[in-house]
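There are 2 protein chains.
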Amino acid sequence: MRVESTVGLCFAGFGNVGQGLARILVRKERELAERWGLNCRTVAVVTRTRGAAVSRDGLSLAELLARAERGEQLGTDRITPVEAALLPQTDVVLDVTPTNLKTGEPGLSVTRAALGSGRSVVTSNKGPVSLALEELRELARERGACFRFEGSVMSGTPSLNLAMESLAGCDISHVQGIVNGTTNYILTRMEEGCEYGEALAEAQEKGYAEADPSGDVDGWDAAVKAQILASVVLGSPISLDAVDRTGISSITRSDVEAAASRGRRIKLIARAARTAGGVSASVSPTEIPLAHPLAGVGGATNALTFTTDNLRDVTIIGPGAGREETGQALLSDLIAVAAAERACGRFAAKAG
Amino acid sequence: MRVESTVGLCFAGFGNVGQGLARILVRKERELAERWGLNCRTVAVVTRTRGAAVSRDGLSLAELLARAERGEQLGTDRITPVEAALLPQTDVVLDVTPTNLKTGEPGLSVTRAALGSGRSVVTSNKGPVSLALEELRELARERGACFRFEGSVMSGTPSLNLAMESLAGCDISHVQGIVNGTTNYILTRMEEGCEYGEALAEAQEKGYAEADPSGDVDGWDAAVKAQILASVVLGSPISLDAVDRTGISSITRSDVEAAASRGRRIKLIARAARTAGGVSASVSPTEIPLAHPLAGVGGATNALTFTTDNLRDVTIIGPGAGREETGQALLSDLIAVAAAERACGRFAAKAG
Chain A
17 MRVESTVGLC
27 FAGFGNVGQG
37 LARILVRKER
47 ELAERWGLNC
57 RTVAVVTRTR
67 GAAVSRDGLS
77 LAELLARAER
87 GEQLGTDRIT
97 PVEAALLPQT
107 DVVLDVTPTN
117 LKTGEPGLSV
127 TRAALGSGRS
137 VVTSNKGPVS
147 LALEELRELA
157 RERGACFRFE
167 GSVMSGTPSL
177 NLAMESLAGC
187 DISHVQGIVN
197 GTTNYILTRM
207 EEGCEYGEAL
217 AEAQEKGYAE
227 ADPSGDVDGW
237 DAAVKAQILA
247 SVVLGSPISL
257 DAVDRTGISS
267 ITRSDVEAAA
277 SRGRRIKLIA
287 RAARTAGGVS
297 ASVSPTEIPL
307 AHPLAGVGGA
317 TNALTFTTDN
327 LRDVTIIGPG
337 AGREETGQAL
347 LSDLIAVAAA
357 ERACGRFAAK
367 AG
Chain B
17 MRVESTVGLC
27 FAGFGNVGQG
37 LARILVRKER
47 ELAERWGLNC
57 RTVAVVTRTR
67 GAAVSRDGLS
77 LAELLARAER
87 GEQLGTDRIT
97 PVEAALLPQT
107 DVVLDVTPTN
117 LKTGEPGLSV
127 TRAALGSGRS
137 VVTSNKGPVS
147 LALEELRELA
157 RERGACFRFE
167 GSVMSGTPSL
177 NLAMESLAGC
187 DISHVQGIVN
197 GTTNYILTRM
207 EEGCEYGEAL
217 AEAQEKGYAE
227 ADPSGDVDGW
237 DAAVKAQILA
247 SVVLGSPISL
257 DAVDRTGISS
267 ITRSDVEAAA
277 SRGRRIKLIA
287 RAARTAGGVS
297 ASVSPTEIPL
307 AHPLAGVGGA
317 TNALTFTTDN
327 LRDVTIIGPG
337 AGREETGQAL
347 LSDLIAVAAA
357 ERACGRFAAK
367 AG
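The listed protein sequences derive, respectively, from chains A and B. In terms of the working numbering, the first sequence opens at residue 17 and continues consecutively. In terms of the working numbering, the second sequence opens at residue 17 and continues consecutively.
This is chain A alone, in the form it adopts within the complex:
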């Protein structure tokens, strides 16, 4: 018997990822309710540049998407993201604000406020996870809320939830993989004959790399993911500074060819491993033998290999970015939150 209950959503941010999730929620509304037990009501959407909209009875996501598409304001309500997170009708806050690795803002304040009030938070924003994971998890535990962030590593391709749920009972001692699609695209194109500069320009044209590509090519994005994997999957929180980081900007075509002549491929590998004293984490260009599953991962695809005690190596391969692909990460977390809260009757109590 399925208990019907509706989850009140507050979107903090409504850019690519927020819209990706909204598209899925609109397209699959009935399937999500019938098959996954997820019934949502969007209570608030708050953005920095496109205004805010609030309705205790529920906003139309289809209408909000249409406005975003047309470049219009989403609404004229005057409300801050923190105020929206704390509305009585908000059950779960979706933090899809832009990542800021220095301050974590604006996501960090919204997340603190929501968890502090016992509301759950689902996010794809690496900032708060990188800067304040332990504090936020402790806050969630104290207040009986959920804090989930599957989308912070490989978009919707299961990584954190795979390790913590599907692989429950395994001890993971080592995780390594390709967690930045832009650099993997560049390295793949270099194998196909491009010079570094040419491959980077192509990645920028395709929208994979930004005008300032340093976040990708200098390994920052991969380093944050290595930090999150070390902290969550290996259970030893470390800071971003502790991740040893080398990017791909000094890799030349002759390096790529020399590796190929040894039956290897150069990949930008993020890794985290348990050590005697805790964990170590790093990002560096690494020669991978062709027979290893990570060697075959080309283009913008991502992959992680988990080394476990009970199961030896398990590798997962899938998309690492994309609007709906990251929306899917938020969706799977949202379904898990709804199931957990249903189990303790929280939404039902609020609805009653």
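Simulated from the structure, these hints should not be mistaken for lab results. A hint or two may mislead.
Calculated Cβ distances over 10 Å to all of chain B for the following chain A residues [to be verified]:
| id | residue |
| --- | --- |
| 1 | Gly31 |
| 2 | Leu54 |
| 3 | Gly87 |
| 4 | Glu121 |
| 5 | Ser171 |
| 6 | Pro174 |
| 7 | Asp257 |
| 8 | Ala274 |
| 9 | Thr302 |
| 10 | Gly312 |
| 11 | Gln344 |
Derived CB-CB ranges, DEER-like [said to hold, decoys possible]:
| id | chain 1 | residue 1 | chain 2 | residue 2 | range |
| --- | --- | --- | --- | --- | --- |
| 12 | B | Asp257 | A | Gln220 | 52 to 62 Å |
| 13 | A | Arg51 | B | Ala258 | 46 to 56 Å |
| 14 | B | Glu158 | A | Gly294 | 41 to 51 Å |
| 15 | B | Pro305 | A | Ser71 | 42 to 52 Å |
We put the CB at the ideal spot given by N, CA and C, even for glycine.
Starting from the structure of chain A, add chain B where the hints point.
Using the frame of chain A, we list chain B on its own:
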């Protein structure tokens, strides 16, 4: 706050898989309790040829493993597997009896009895899943019990739980992969220069293939897994007869070489796909382009690619067999059952 509760286990069978699980439970007892909230008490172990042992206060798995190792009887208690499943101290039945695809026995009777009495069942036995999935799921639903069988496909490498939990919210339209390690080993050896007969003999020597290899080489094992994937992951129950099945025994070295000359590898691919009328499922030797993640899966390793709406393709690669590897499948299911039952306070109530 973690609620302490102890799960009373009944092992129906104690062969390779049962012993694999038992080894993990002994080796990781403290970690399983502290990190995964799993505290077990083994109430009964019942085997066909090595006797049975029962203790309401808990048997020593270490002692039972030592007896099995020495080829001794496990105990002299006179009890049937069904009686053991229905002991008041049994909370979860581990059906690790041998697979019988014609009758499902003895696992089917044990599973029916356990679920019918509201006890959960965790299994790696393909027989009952293949023959009576719908009946057993309905029984579990009616009685508020769990019926989980991750180990029936790819041992502990997450397949069913990956699709149903980590990929929650995705609609999977198609799943295909390498789900039989023996045939993949033979095909890999043929690529390396062996004739079919030679590769088969080698697989038999290594214990991958049985004296009568037809279950593997004629595709029966892969066909049951395709049936289970169609029924569970695509949500359309079909019978084993409905799986279109071709094995590898007619593949020659020249077929393998011809495929290689086209940049392809021959793999025994199990697949299930949604169709206009429901689902279709098949097993057949298939040429896979080298760039596809399944092409790189060599030896006894297994892999599955799920094609989804929200996330396009996601591939998982890992071991497909092995004592502790299959034990891990049972363990992850057991942790999920314990969490579910803890959520509704069932074990606590029994313990009180």
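key: Hints violated by the structure (listed by number, smallest first)   = Hints 2, 5, 6, 10, 11, 13 contradicted; others consistent.
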